[in-house]
Structures are given as structure tokens and as C-alpha cells.
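Number of protein chains: 2
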Amino acid sequence: MHNLTQQSYIAGDWISPSGANFRAQDPVSLEVLAEHKNCQQSEVNLAAQAAKQAFDNYRQTSILDRAALLETIAEEIEALGEQLITVCNQETGLGLPRLTGELGRTTGQIRAFAAIVKDSTWTQASIDTADPARQPLAKPDLRKILKPIGPVAVFGASNFPFAFGTLGGDTISALASGNPVIVKGHPSHPATNELFASVMEKAIAKSGTPKGTFSLLQGNAISLSTELVEHPLIEAVGFTGSLRAGRAIMDVAAKRTKPIPVFAEMGSVNPVFITESAMTQSGSSIAQNLANSVCLGTGQFCTSPGIVVIPKNSDFVNSVAQVMTNNARNVMLNEGIGKAFVQGVETFIENSGVTWINKNDNLLDTPIQPPNIVLNTSAETFLNNSELQHEVFGPATLIVECDNEQQFIAIAHALDGNLTASIHTTEQDDQIVKALLLQLEQKVGRIIFNGFPTGVEVCGSQNHGGPYPAASVAASTSVGIDAIYRFVRFVSYQDTPSHLLPAELQDSNPLNIMRRVNGQFNANPIK
Amino acid sequence: MHNLTQQSYIAGDWISPSGANFRAQDPVSLEVLAEHKNCQQSEVNLAAQAAKQAFDNYRQTSILDRAALLETIAEEIEALGEQLITVCNQETGLGLPRLTGELGRTTGQIRAFAAIVKDSTWTQASIDTADPARQPLAKPDLRKILKPIGPVAVFGASNFPFAFGTLGGDTISALASGNPVIVKGHPSHPATNELFASVMEKAIAKSGTPKGTFSLLQGNAISLSTELVEHPLIEAVGFTGSLRAGRAIMDVAAKRTKPIPVFAEMGSVNPVFITESAMTQSGSSIAQNLANSVCLGTGQFCTSPGIVVIPKNSDFVNSVAQVMTNNARNVMLNEGIGKAFVQGVETFIENSGVTWINKNDNLLDTPIQPPNIVLNTSAETFLNNSELQHEVFGPATLIVECDNEQQFIAIAHALDGNLTASIHTTEQDDQIVKALLLQLEQKVGRIIFNGFPTGVEVCGSQNHGGPYPAASVAASTSVGIDAIYRFVRFVSYQDTPSHLLPAELQDSNPLNIMRRVNGQFNANPIK
Chain B
994 MHNLTQQSYI
1004 AGDWISPSGA
1014 NFRAQDPVSL
1024 EVLAEHKNCQ
1034 QSEVNLAAQA
1044 AKQAFDNYRQ
1054 TSILDRAALL
1064 ETIAEEIEAL
1074 GEQLITVCNQ
1084 ETGLGLPRLT
1094 GELGRTTGQI
1104 RAFAAIVKDS
1114 TWTQASIDTA
1124 DPARQPLAKP
1134 DLRKILKPIG
1144 PVAVFGASNF
1154 PFAFGTLGGD
1164 TISALASGNP
1174 VIVKGHPSHP
1184 ATNELFASVM
1194 EKAIAKSGTP
1204 KGTFSLLQGN
1214 AISLSTELVE
1224 HPLIEAVGFT
1234 GSLRAGRAIM
1244 DVAAKRTKPI
1254 PVFAEMGSVN
1264 PVFITESAMT
1274 QSGSSIAQNL
1284 ANSVCLGTGQ
1294 FCTSPGIVVI
1304 PKNSDFVNSV
1314 AQVMTNNARN
1324 VMLNEGIGKA
1334 FVQGVETFIE
1344 NSGVTWINKN
1354 DNLLDTPIQP
1364 PNIVLNTSAE
1374 TFLNNSELQH
1384 EVFGPATLIV
1394 ECDNEQQFIA
1404 IAHALDGNLT
1414 ASIHTTEQDD
1424 QIVKALLLQL
1434 EQKVGRIIFN
1444 GFPTGVEVCG
1454 SQNHGGPYPA
1464 ASVAASTSVG
1474 IDAIYRFVRF
1484 VSYQDTPSHL
1494 LPAELQDSNP
1504 LNIMRRVNGQ
1514 FNANPIK
Chain G
994 MHNLTQQSYI
1004 AGDWISPSGA
1014 NFRAQDPVSL
1024 EVLAEHKNCQ
1034 QSEVNLAAQA
1044 AKQAFDNYRQ
1054 TSILDRAALL
1064 ETIAEEIEAL
1074 GEQLITVCNQ
1084 ETGLGLPRLT
1094 GELGRTTGQI
1104 RAFAAIVKDS
1114 TWTQASIDTA
1124 DPARQPLAKP
1134 DLRKILKPIG
1144 PVAVFGASNF
1154 PFAFGTLGGD
1164 TISALASGNP
1174 VIVKGHPSHP
1184 ATNELFASVM
1194 EKAIAKSGTP
1204 KGTFSLLQGN
1214 AISLSTELVE
1224 HPLIEAVGFT
1234 GSLRAGRAIM
1244 DVAAKRTKPI
1254 PVFAEMGSVN
1264 PVFITESAMT
1274 QSGSSIAQNL
1284 ANSVCLGTGQ
1294 FCTSPGIVVI
1304 PKNSDFVNSV
1314 AQVMTNNARN
1324 VMLNEGIGKA
1334 FVQGVETFIE
1344 NSGVTWINKN
1354 DNLLDTPIQP
1364 PNIVLNTSAE
1374 TFLNNSELQH
1384 EVFGPATLIV
1394 ECDNEQQFIA
1404 IAHALDGNLT
1414 ASIHTTEQDD
1424 QIVKALLLQL
1434 EQKVGRIIFN
1444 GFPTGVEVCG
1454 SQNHGGPYPA
1464 ASVAASTSVG
1474 IDAIYRFVRF
1484 VSYQDTPSHL
1494 LPAELQDSNP
1504 LNIMRRVNGQ
1514 FNANPIK
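Chains as they are written, first to last, in our numbering: chain B, 994 to 1520; chain G, 994 to 1520.
Hints may be right or wrong, so weigh each one.
Given that identical chains are not distinguished, each listed pair holds provided it fits within a single copy or across any two copies.
Said to hold, decoys possible - As a list, the in silico EDC-like pairs of lysine to aspartate or glutamate whose alpha-carbon atoms are at most 16 angstroms apart:
#, residue 1, residue 2
1, Lys1140, Glu1434
2, Lys1045, Glu1434
3, Lys1427, Asp1049
4, Lys1251, Asp1409
5, Lys1204, Glu1339
6, Lys1332, Asp1358
7, Lys1520, Asp1124
No lab work stands behind these hints, which were simulated from the structure alone.
Looking at chain B on its own, in the form it has when it is part of the complex:
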């Protein structure tokens, strides 16, 4: 239990920021939950300087200490008990079952990172021993290892207040690899952010971690985000949110005297392709599951299927529409997101070729609890209007009907970068699917067969990223253990005395980890 104070948390101190007020609102009752205050440049400075100072100590902590910090974080989150779920549900309206599930995933991923840190194989320790006799030049001893890069700014997402929030994957992967973190908490759920900061206060105290290793800056002002990204002591950014906000942060980072990497996951329309044979064999169950996938989390998933490409089939379109209409209308995360959803749908249906199949006149009246919307268009209209590829964040999907297989391929070819693409098919359609795959491999981070993109399995073979605009760095993932590789870089040591090397690279292999030694993986000491 933590007594909520509407404060920010900077390097061990709870402070009342000096900036303008902003409000947290219950999206169900529309009740104002609390008044909060924006952090400003002075708080950014304080947090950044503390982070930089903490970095020198934090990056030297042993792998056991760092793993202990992560495990303590998971325990302290659980110790908050019902308060966390209750407070977060008030702020987000996501519902207790969903939040309970997300919390389990969140503590699970924290413990997964703790395990990775303890193992230390993730540091990719590599050793090439010397050969003084080599001609024409002696070969030096070279050893390299991944090292943390410094203070990371994290921008939490509105739609996953736990898994991509203040102590979500970005923060935890940065901490795991030895970097201090400054979180700009999402203003849609400030009390939830505060609870996570109280977790960090306890976990840092218990584990003896330097206090500057974590700060939480609350606020909704664009200037706060800009000042944080511009701060010269910030070395990288993790972001989950909209393309507009993500691109703005990318642009600020690129214009710095010293540009820094931004790892932004900026959403996606997640095209679903359904072949003729799959339609024939299981069209009605696909329609049912598709509709449910679109409605999951009120459509507020970065993996929500926003475009469905099918052979002309009005029965299928109507089936999807019927399930969507019958599914419960749920609340959006906040009024702003609800209004943006309504506006997005309206922009789509302004196109003469786009039809709203399950039309409901109340769209404008209740943006906070909108209907589940099925839109329909032709391949021709879709191919002639790249705006139809824009993400409409919420419970809507656009079904694109094709006259022939060439249009399937043409649509795949015309796609922007996406997190995922899905293909429903049977062996009968292997030929078209092979051609589709060839296109989709260039466009997305994950390809799903006979399933839907929502529900992101957390494992080593997961990839949650994709070409721009889905992500800023197509080569990175923000889900799974590989997320740790965003906030590190190699340092190579040449002819360095063993006792001055990081433990992972020392001759005796004191941590007993797997290393690449002259090209072979083993845990042997160097003689």
C-alpha cells in the first residue's frame, strides 16, 4: 500500500513539480481522479544529473546485485497487491481480468530479465587470444563485451500501463543491462506511474542500488518530452506510442549536437490476408476470431488487425460485422484517444469507396465508448489511397475485397512497414502464399499463419518491431529478451592485463559463462 501524493520521484526524493496542472480522469465515469503537476526543465536536469552520477556505480554492480534488484522489483510490485490493479483500472478502464493478466506478464518479464542477467551470456563475451609468432605481424589479444551506454529516457504507453509502462519492458531491459532510467510517465495513468515509482523506491533501498538509477517525471506537456530527449546526459530513448509522437521524438534526437538512438514502437495496421481456400474451408470461424481480435482491449493494441485482405466475399464481411456489432462496446483509454478514433474513422469514410458496414449513428456522441466498426472497400480504392494504411487506434477494421490474386500481391507490395502480417491459408494456395511471403518479409517484423497478431508470446524467437513507421529501428525488438540489446554497445580490450578486464573476459572465467573463444563457444578458462 502506498499513499498517493501526486508527486514525481527523482533519484530517491518525492518532489512536487513546478509546472502546469494536468488531470487524471476515470474513462468510465469521466470523474476527475486527481490533479497532477508537470515536471519542467529543472526537474529534467535534476534527474539527468543524478542518473549520470549513478551510472558510474550502477554499471559496476555485480550481475548478482543487478539480478537481485530486478527480482526485488517483481516482489515489490506483487506486494502492492490489489491497490495497483484497482488504481490502474480507475485510470484506464481496462478491466480487472485484463489488468491481472498483464501484471502477471509484467512481473514474468522482469524475472526473465533477472535470469538473463545472472547468466551473463547475453553480454556476448568474445575472446581472440594473441599469437606473438604470427607473420608478418604479431596478433594481439582482443576481447570484447557488451557494455551499458548510460541514462535512458523511457516514454511509457497508454495502452499497456504495466507491460509497456513505468516498469515495462523498456525500463527493465535498460536496467538489466546496467543503465539508469528516467521515465516520462504516461499522463493518462499518473497514479499507476506513482505506484511503480514507490516500488522502485523500496527495491532500490533494499538492494543498495544508487538512488539516481531511477526517476519518474510526471507530465503531459510536449515541452517536457522535448527537454528530456534534448538533455545532453541522455544517451538513448525507449518509446511506445503513436507515430506522431514517436516521429517528433526521433526528430528531436536526430537534431541534437550529439544524436542519440531512439527505439520507438509506433503502432501498426497489421494486415491479415485470407486466401480463397482458407475462406472456403473455415471462413466463418475466421470471421468470428477476427472480430474478437479486433475488439480485444477495445482495439487499443499495436497488434490489432486493422486491414483484412480477402477474395470478394460479402458473406464474410457481413459475418465479421455481425460479430463486431454483437460484441460489447468498451471504453477507450481516455477521451483524447476516443476522439482520435472517431476522427480516424470519419476520415476513412469520407472516401467515396469506403463503406461503414455496421453503421451506427451514435459514433460522434460517445467517442469514449465507441461502437465496434467494420469498414469495407475494394482493392482498387485501397491501392489508390495510401491514407487507408493509417492506423485508426481503436475497435475498427477495414476489409479490402480483391478481384484476383494479383491484387493480393499488389496490396502486399504497397504496404508500409508493419509490426505483423497474418496469412490464413491451406496448402492449396501455397503458390500465392509464397509470393505473398516474399513481399511481407520486407514489410513486417512477424508473420503469423492461421492466427491473429494480438497476443504477443514473450520468448527468444519473438520479434516485436518492424520497418518504419512501425518502429524507428527495424532491427530492434521491444518484446522478449533481445530487447536488452537496444541499450548496450561493444567495447573491445586489446592486450589488457587480465585483472583489469571485466569479470566476463578474465582468463579464469570467474563467472563461469559461455564465451566465444577463438571462434568456439565454451566456458573454459584461458591458459
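Based on the hints, put chain G in the right spot on chain B.
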């Protein structure tokens, strides 16, 4: 033998570009060697469209075909025999011994990439098998692998016409990972570029590789570089050169509608620290070797030691100066680089606290063949003037004398990003060295003990990169096999029928490669 035509090479065709003339000059005789023409937007379009088209086929070539292409490239380079070295020496003045050595390194690295490609372990194939019985949700089958990203633009360097040139590490690592390449050849050695294009013409024909896989655009106009980086079909950039040019390319790439990654290696001042005990024990041999390292390649190495930090010691400074004065004066790569060197030195000595120790009044007269220059200053002056950290590309080094150990640490703390740092020391100075290391690990990509940064060993544990401004992406290396990871990204396949997967991920493991299967590395088939 190839008959030089002063043409560019686009996707199998030799073409005469339509742009303005530029000249290649012998830096020794100052004789104009040939008139060349700039490529323009139309040639950029032609090359980019051909590359995009070739990509669909090239990325599907088998690993054996791709390895065969690389091996054929190495053979065809060797088949050029003396012509390549002779032509390049005329254009660069680097001398036959150096160029012969660099050529061996270049064909060696091409064959190393061929071996890597054949092995296919570099693709980091990872498989997590399904568990349909898992509660509360069935676990899907997920498999991931690194895939090429598309056409790469490569900007060759002036100072390594082979190893970082038209068929240098950037081009070869991009080809190895399945990407077409468009080279903007360095205008300082266009005939050398043309010879490499003739190599590609033969290698592509012999191996049946799609012609659009390689193009060479000649030119010296900034607009050509900008148009290439702006082209929407280009997916990434490899660059080796100056900070000014590299940053300009970074800025163009960041402003695109779809920003793309730029892997720029932009040089460095490579600080060398010499502790009191090392100075006492072996000061004179360090002075000798330092001077030789600075003069190597007329100082035109990105790893040339430009700053030397020592305890106050005028004997050492004078020793370095004496060796440098006695070392031969060699030619710079071209007049522009020579003039920039003279200007850089002049800017330094305009500082009241900086002394030119081995002063030579002819500096201004012969920028193409300048003296080897030793500058000297105090720690205080250095710390108060960040301009003294700017790279002066050529045979000069700045020796910074410290009054105490705190100044050593303060200088390390004040350093910008660098490719390397070197420490000359003995066990007696472990305490100060540990404090130094803590700073330098944040500032550089490679740390060298009791040696010099010139001479970059090519092996798995090498790292050639560093924090900005040394490189645009601190997490990447442009030397060694890991350079391949710049031009790929993961694609994850969920519940995908085995016969539709890339060979590396298929159940039977037909390529017999090491894969991470449910967290364990092995080459076993999936049952």
C-alpha cells in the same frame, strides 16, 4: 586488365554520366590523371530501381551461391594483378608496399565473409516450439532469423581505397547478408573505383547474380550524395569519412519521409595515456613507437593517435618531436586533404597555450607533402578548449602535459566519443588506470594496453566504432565479421508450415546449422 573508360557502372551497363566534370590527380606529381563525370539524379534512379528489382532475386539466392559470388569477387580482384595497385598508387600516393598489404587484407576480409555466409550460423536462427497444452493459452510455434533489409548506399573512404573502398567492408558485408549495393565512389580515386566495378561485372556474370545487385556511381558533387541518401528505395547507408560529411548524410537520412539507418564511421583523435611508471620504464621506446604510429599512412588513419596525455616531461616531448622530424615527409591523399590538414594545425596553434614543438616554416608552402608535426599544451589549456579535441587528419599529434593524476581523469572525463583509447602503464599505476578505464569505457569502442591504435586486427573480438562523433551508431562495428549485422533485421514466423519457412528454420535443418532451439544451441532437427 581492364581498359579504363572513366564511366560509371549501373546494373550491368557502363554509362557516361550526364553531370559536371571532375578530375583525378596524382598527389605526387600533381598531374591530372583523367577527367570524369558526375552522376546525377537520373543515374541514381536507374541504379536504385535496378537494385530494388534485383533484391527480390538476390535475397533468395542460396547461401552457396552467395558465398560463390564473394569468392569470385576475391579472385577477380587478384586477377587484376598489378594494374589495381599501379592505378591506385597513382591516384592516392599511398605507395606499393602499403597498397599491397591493404589489398591482401581486403581479399582476406571478402573470403572471411564468404566463409561466414556458407556457415549460416550468423543468421541467428532461433526456434521456440509450440506447446498446445499450455495454460491459460496455447503456446504458438515461433521461429526467427535475420533477413536482409534492401538496397544499401555505400560511401567509400579516401584513405583506404581497398579495405574501405568500392569493394571494402561496407559493400561486402551488405552483399554477404543479401543486400544490393550502390557505391558512391570516392572522387579522389575514380579509376580505382572503376577497376572494382569491372571486378563486379565479371563476378556477377560468372555467378549468375542479378545485375542490379551492384552499381558504381562516380562523382564529387554533394547533390549526388544527397540524392542517393534521399532516394526512397535506399534502405540503409554505410559511410567512412569525415565528421562533416558523415553528419550531413545522417541529417539527410533523418529528415526522409521514411528515415533510414546510417552507419557512419567518422574518424577520431584516439587519445593515448602514458602513466608515470610507463614513462619511467620505457619512455624512449614509447616516444619512438608513438611517432611512427602518428606518421603511418601520412597520419591519414581514423585510428591515428592525435592526442597524447602524459605527466609533465619535456624530454619525452622532445624525443617524439625528434623522431617525427626525422621521419620522411610523405604525400597526402589529395590537395584538399592537405589544405585541411594545414588549416587544422593553424587553428590549433592560434591558441595561446599550444606550441608547435618541431616548427617548420614551410607548413603553408607544401600542404600536399606537409611536415610531421608535434604540438604541445597543458592539461589546463586542453580542458578549457574543446576545439582541441577536433580531429586534424594528417601527421600531427598534440601532447598534453599534466601536473597530476586528477588531470588524467579530468581529460578522460572530458573526451568526446572516439574509436580507441590507449594506455601505456605498468602494474604500479593500477589505481589510476582503473579510474581511467571507468571513464574510457564510456567514451571509446576499443581500449589498447601498451600499444598503439593503428593496425586494426580483423577478428571476431574486434570492435571498430564508438560513441558519436566517432560513429553514428555506437552499437555497430565497420571492421570484423559483426559488420554484417548492420544491414539485417529479424523476421519472426509464427505457426508457419515448415515448407514455407526459410531453409535455416525448417524442421529438418537442411543446412545443418547451429540454431537456438528452446534456448539451447544445437544442430538437431525438430521432431
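Each hint tested on the structure:
1. When the C-alpha separation of lysine 1140 and glutamate 1434 is checked against a cutoff of 16 angstroms, the pair qualifies only between copies, where the shortest distance is 8 angstroms, while the shortest distance within a copy is 31 angstroms.
2. When the C-alpha separation of lysine 1045 and glutamate 1434 is checked against a cutoff of 16 angstroms, the pair qualifies only between copies, where the shortest distance is 14 angstroms, while the shortest distance within a copy is 40 angstroms.
3. When the C-alpha separation of lysine 1427 and aspartate 1049 is checked against a cutoff of 16 angstroms, the pair qualifies only between copies, where the shortest distance is 12 angstroms, while the shortest distance within a copy is 51 angstroms.
4. In the homo-oligomer, the alpha carbons of lysine 1251 and aspartate 1409 lie at most 16 angstroms apart only across protomers (10 angstroms), although the nearest pairing inside one protomer, at 29 angstroms, exceeds that limit.
5. Taking CA atoms no more than 16 angstroms apart as the test, lysine 1204 paired with glutamate 1339 passes in neither setting, with 48 angstroms inside one copy and 47 angstroms between copies.
6. Taking CA atoms no more than 16 angstroms apart as the test, lysine 1332 paired with aspartate 1358 passes inside one copy only; the shortest distance there is 10 angstroms, against 70 angstroms between copies.
7. Taking identical chains as interchangeable, the C-alpha atoms of lysine 1520 and aspartate 1124 lie at most 16 angstroms apart only when both belong to the same chain, with a minimum of 13 angstroms there against 43 angstroms between chains.
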